[in-house]
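S.K.: Listed in order, the protein sequences are those of chains A and B. For the first sequence, the positions run 5 to 92 when this note's numbering is used. For the second sequence, the positions run 1074 to 1640 when this note's numbering is used.
Since the hints were made in silico from the structure, they are not lab data. A virtual CB, placed ideally from N, CA and C, is assigned to each residue, including glycine. One thing to keep in mind: the hints can contain errors.
To be verified - The list that follows gives simulated cross-link-like pairs (lysine to aspartate or glutamate, DMTMM-like), each with its CA atoms no further than 25 Å apart:
(1) B:Lys-1267 with B:Glu-1146
(2) A:Lys-34 with B:Glu-1159
(3) A:Lys-60 with B:Glu-1382
What the hints assert, rightly or not - Just so you have them, the derived chain B footprint on chain A, three or more residues with Cβ under 8 Å:
(4) 14 to 20
(5) 45 to 54
(6) 58 to 71
As the list claims (entries may be wrong) - Here are some, though not all, of the chain A residues that point toward chain B, as calculated from beta-carbon distances under 8 Å:
(7) Thr-24
(8) Ile-27
(9) Lys-90
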Amino acid sequence: MVTTNLIILAPQGLHARPVTALIRLAKGFKSNISLQKGDKTVKLNSMLNILSLTIKGGETITIIIDGEDETEASAAINHFFTEELKHL
Amino acid sequence: MKGIGVSPGIAIGRAFIIQKKATVATGILLNGPAEIEVAIAQFDKAVTSAVNEVESIKINSPALSDNDFAILETQIELLSDPEIRESVIEKIESEHKNTSDALLETIAGFVQVFESMEDAYMRARAADVQDIGDRILKNLGNSGPANQLAFKPDTIIIAEDLSPSDTIAMDITKVIGFATQAGSQTSHAAIIAKARGIPAIVGCGADLIDIKNDDVIILDAISGEVFINPNQQILDEYLIKRNVYQRRAVELKALHDVPAITTDGMQITLTANISGAGDLVNVFDNGGEGVGLLRTELLYMNRDTFPTEDEQFEFYKNTALQAKGKPVIVRTIDIGGDKHLPYFNLPAELNPFLGYRAIRVCLDRKDLFITQLKAILRASVFGDLKIMFPMISNIQEIRSAKSILEEAKEELRKDGLPFKSGIKVGIMIEIPSAAITADLLAKEVDFFSIGTNDLCQYTLAVDRMNDKISHLYDPFNPAVLRLISFVIEQGAKQNIHVGMCGEMAADPLATLLLMGMGLKEFSMSAASIPAIKSIIINNSELKAKQVWENVKAMDSSEEILEYLKGI
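If we strip away everything but chain B, and leave its shape as in the complex, we get (with noise of 0.2 Å):
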C-alpha cells in the first residue's frame, strides 16, 4: 500500500485505530421564542466551554511546541469566529433549527467552502474547521472534556485523518508514526509530523481499512510505503534500514544548529549554489545560511524568447520570500561560453570560453541587462538580495554594469516602482586580471566571490572541457592559490566580504587552506554543507593558518595534495 510521505523516516510499531463517530442532523425544529433564546444561550455556553477546554490543554499541558502552540490559538479564534456564530445564529432564528442541527450545517458550509479552494494549504484548513465544529458540537451534548488516550509503546496511529484536537492529544513518547486515509502534504497531520520529525504517510487511500489494532506495520515515509503484518524477511531488512536512517538523522541534526565556528571562535558562514527558489528547503535542511550564488541561466533556458522582466521579477521575488531573509547574492546572466541559448543566436567562436559571453554580452545588449536588472531590484523589497557581475576582467566593466543599474533603478522610479536602492552590488574573480588587481577593483564594489572553476581554467590556460589536458585543470597549483590568497587579503585590507562559490568551496581537502588564507565565507551544493561544517568545527584558525604557511612553502601540487591529504 503508498500513500504520500509527509516526513521522513521509518517506524516499525503496532497499529492503533482512531474511529470517528459522526454526529447525525435530528430535525427537531423549536418551538416558540423561549426555545429560540435558549437555544442561542446553548450555543454561546458551548462555545466558552470549548474556549475554555482548549485554553484548559494550553496550560496543562507542558510538552507543546511552538507550533502546537500557535494551532491551538487558531483553533480559539475560529471557535470564537464571528461568522460561524452568525450563521448558527440565523439558523435558529429564522429556521428554528436546534443548536446541534444549526451548527453542524454551518459547520458543513464553512468545510465546503474551503475543500473547494484552489490553494492546497487553504484546502486543507477545511479539516480545522470540521475540528472546531467537532469541539463545539461536543461541548453542547453535555460529554465533558474528551479522555487523553492512553497509548502503548510504539504504537502506529492508523486513521481516516487525524484533526489538530487528535494530533496535540498524542503522546509522543509512546507514538512512533501514523498513517491516514486522507490528507495532504499540506494537511495538519502532516505539519505535525514533520515538526515532531516522526514518520508519517497521508493519503493512503481505504485500503488502510483493512488495518487491525495491534497488527505489526511498518511505515516507510521516504518512499510512502506501508506494510501490515510484513514477513520475516522484510521486518529484518527494515530494522537494518531503519537504523542507518536514524543514525543518519542524528548526525545532520546535530550538525544543524550547530554554528559553523572553529574550536578557536573563528565564525564562517555557509551558504549555498542554488537555480531557483525550489533549491532553497534543502538548503535549510542542511544547515545553509543563505545564497552565495543564485544562477540565473535556468530562466533563460528551456524556452522560445528571453523571459519578461515580470516573469524574471516572479522568480527572484519567490527566491527571494522563500529565503526568509536570509542573503541571496543573485548572478546576471551567464551566457555565452559554452552555455547558448535556441532564440539568442550567437555565433560560433574559435575560443568561446575567451569570447562574447556573461558581463560582455550585458554591456554589449543593454536591452537584455537592464531588463534583467529591473526585475531584481523590484525584487529586492521582497528580501535580502544582492546583485552581483559575473566574467569581469577590469575596472571599466564594474564602472559600465554600475552605471546601467543606475539607469535600471532611475526607470524604476520614474514608474513608482518600489525597490532597494542600497541593494549590494559585487563582482566574481574569475579571470587572472581581476583577481591581480583585486585591490583596485575593491573600491567599486561591496563584496567579492571567487569563481575557482574559471579561475583555474583562464591562470593556468586549461579548457576543463578537454579530456586530453584535464589532469592540467588544477586548483592546488600555486598559482592558483596565490591568486585566491591575494583576492581574500585585498577584500580584508579594503573591508569588502569575500566569498568563494566554485567547486574548490566544496572541497574538504581545501576547506582549512582556504581557512587559512583568512576566506569567511563558502558557497557549495546544499548537499555539501554538513561535511565542510565538521571540519570546521573540529579544527582551528591557528591550525588553519599553519597549514596554508606550510602550502605556501611548497612548490607543487602534487607536494600540497599529498600533505593536505595527510592533516
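Just chain A, same shape as in the assembly (with noise of 0.2 Å):
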C-alpha cells in the first residue's frame, strides 16, 4: 500500500474538470485508489463523492493506493497533483 500527502496547487481548488481528468487516470490502474481528506476517505472513481468533499486550493489530502501496480500508480498520479493540475 502506498500513501502519499498531497497539497492542491491550483487556485480554484478540485474541481470539475480536475476532477475528471484525475478519475480517467486512476481507472487507467488496477489498483483500489482511494482519496482522503480529514476524516472522510472515499474511492477515487466518483465523481460525485470527490466533488461532495469540496477540496480547496492550499488544502492537503492523502491518496491511498493498494494493488499489484501502486507504484506506478502513485507516480502517475503523484505527477498528476505536482504538475498536470495547475495547467487544468
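Starting from the two chains in their separate frames, assemble the complex, guided by the hints.
M.R.: This is how it looks when you write it as C-alpha cells:
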C-alpha cells in the first residue's frame, strides 16, 4: 500500500474539470485508489463523491493506493497533482 | 428588473423563452425478479445511450470551445458515476421502484446534497447533476435526442436556469445574450457566457416570467439591469452605449493577446502593482504578465495587532495561487515614513522620510521581519514568489536582511515546513546612495526594482507631500534620469533583472525614454497596461535608443518634456 500526502496547487481547488481528468487517470490502473480529506475517505472513481468533499486550493489530501500496480499508479497520480493540475 | 451581471456587455434583441417540462414520479412498483432485471437493464441502456449522445455532440459540433469540451467530458463522467448507479439499483432491488422513479429520487438526493453545500462553486454543481439526470431520463423514455433549437438572429434567451446541455446547444451566431431567474456567479450559464464573451444576467428572480417570446429586451450586464419593451429614448441611449462598449472591448481584447514587443523585436515585460490576490483578475484582464510589486502594508492595516505568521501565509498563498504560476514580487513591509500602524507606536520624527522606516524597522525589529519572511517562504511552494527589500541604502543592509532570511529558512527546516530554498531576492532602488552603488549592490541580489517616487524625492530633496514645493518634484530632471540609466546599465552588466515599479513606469511620456535606457520590465497599476503596451508595439528599440540619446544632450526637464511630448 502506498500513502501520499499532497497539496492542491490549483487556486480554485479540485473542480469538475480536474476531477474528470483524475478519475480517468485512476481508471487506467488495477489498484484500488482512494482519496482522503480529514476523516472522510472516498474511492477515486466517483465524481460525485470527490466533489462532495469540496477540496480547495492549498488544502492537503491523502491518496491511498493498494494493488499490484500501486507504484506506477502512485507515480502517475503524484505527477498529476504536482504538475498537470496547475494547467487544468 | 435587476440581476447579477456575470459577463459584462450590452445586448439588444428579442426574447426567446426556454421552458423545462418536469417529469414526476409515477409510484408504480415492480413485480417480481424478472421485472427488476429488466428495470436494471433499462437503466444501464439509458446511461449508455446518454453517454453516446454526449459523445456525438462532441464529434458533430466543430465549433466547440475547450471549455465546452471539458463540460461534456465531465458530463460523461457524471453519467457513468458508480454512486448514481449504486443508488438507482438499490432503489430498484430493495424498494421495487421502477427505473424512472428510482432515477428521479437518486438525482433529487444528489441535487439536494450539492445545493446544501457551503461552497458556492459546489452549490452550482447541483445544476450539472440535474442536467445529467434529465439526460438519462430522456433516454429512458426513448424520446430520442433533443432537437437543436433553431434561433432567429439577435436572440436573447430567457430561462429559469440554463443547463450545460442547453448552453452548449446554443447557436452562438444567433444568441447574443441571456437572462435567467436562478443562477450565480459560478453557475454554468455564467461560466459559458464569460467564456463566449456574450452578455448575461443571472439571478433575475421571478419577474422574468412576465417576458413573452419576441419582446424587445435590453440586457445591461454591466449594471445587471434588464429592460422589457423599453421606450424609444432608452433604446436610443442603449444603442449608443452598446456601440461604445463594443468598440472599447474590441480595442482592449485586441491588445490583450498581443505580446509587448517593439516593431524590431525588443521584448518588454508588463507587470502590475497590487495590494492583494483580489486585484489579480483585473491584472490578467488588462494583459499583465505577473506582479512587479505586491504591497504588503494592507495586511498590517485596519487591525489592532500584528498579523500572525499563519494569517500572512494565507494572504501570500492566495496571491501565489491566483497568479497561476506567473511571478509575484513581494515587497517586505514598508511602514514608518507616512504609514503608521495604530498598534505599533513610532515616536514622531522631524524628518520621517529620512527616519525609522521600512527595512530600517525590519532590521531593528527582527521578530516582525522573520515572521513575515517565514510566511512568504512557506507560501513560495504555491507559485513563483520573489522577495524584495525596500529602502536599501547600503550593502550592509542587504547582507543583514539576507542573513535573517537564512535564519527564517533554518527555522522552517527545523519545523519540517516546505519552502523554495532558492527563492529569488531583490531590492528596491529608491535611495540615491543605492542607485550610485548599483554596481556593488548587484553582486548581492537577483534583481533590482527602481522606485521612482522615492528616488525622485530623495535625489531632488523634495518632500512630495509638500504642496509648496511640489513643482520641484520632477522625475524628468536630468539627475534622476542619469541615476535611473546608471542602475539599468549596471544591472545589465551584472546580468540581473532590472524593473521599475514607480509611477514613472505608467507614464506614457517616459515609456520610450526608459526603453531607450534598456529597461525591459515595467510594473504599474493594471489599468495603465494597455496604454503602455500600445506605445511599445507601435515603436522600435532603435527609436527608443535615439530618444534617450537626444534627451541625454538636454539640460532641463522643460526641454526634455517638450521634446517627449513632440514624439
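S.K.: If you draw a straight line from the CA of A:Lys-60 to the CA of B:Glu-1382, is it 25 Å or shorter?
M.R.: The hint holds at about 21 Å.
S.K.: Keeping to a limit of 25 Å between CA atoms, is the pair of B:Lys-1267 and B:Glu-1146 held or broken?
M.R.: With a Cα-Cα distance of about 19 Å, the restraint between B:Lys-1267 and B:Glu-1146 holds, given a limit of 25 Å.
S.K.: Has the stretch 58 to 71 of chain A got at least three residues whose CB is nearer than 8 Å to a CB belonging to chain B?
M.R.: holds (count 4)
S.K.: Would you settle whether the hint for A:Ile-27 is holds or violated, based on the nearest Cβ-Cβ distance to chain B being less than 8 Å?
M.R.: Check passed: Cβ of A:Ile-27 comes within 6 Å of chain B, closer than 8 Å.
S.K.: Verify the interface restraint on A:Lys-90: the C-beta must sit less than 8 Å from at least one C-beta of chain B.
M.R.: The hint holds - A:Lys-90 has a Cβ within 8 Å of chain B, the shortest such distance being about 6 Å.
S.K.: Given as covered by chain B, does the stretch 14 to 20 of chain A meet the bar of three residues or more with CB within less than 8 Å?
M.R.: holds (count 6)
S.K.: For A:Lys-34 and B:Glu-1159, compute the direct alpha-carbon distance and say whether it is at most 25 Å.
M.R.: 21 Å, holds
S.K.: According to a criterion of three or more residues whose C-beta lies within less than 8 Å of a C-beta of chain B, is the stretch 45 to 54 of chain A covered?
M.R.: holds (count 6)
S.K.: Regarding the hint that A:Thr-24 lies at the interface with chain B, is the smallest CB-CB distance below 8 Å?
M.R.: With Cβ-Cβ at 5 Å, under 8 Å, it holds.
Violation of the numbered hints given earlier is absent; every hint is satisfied by the structure.
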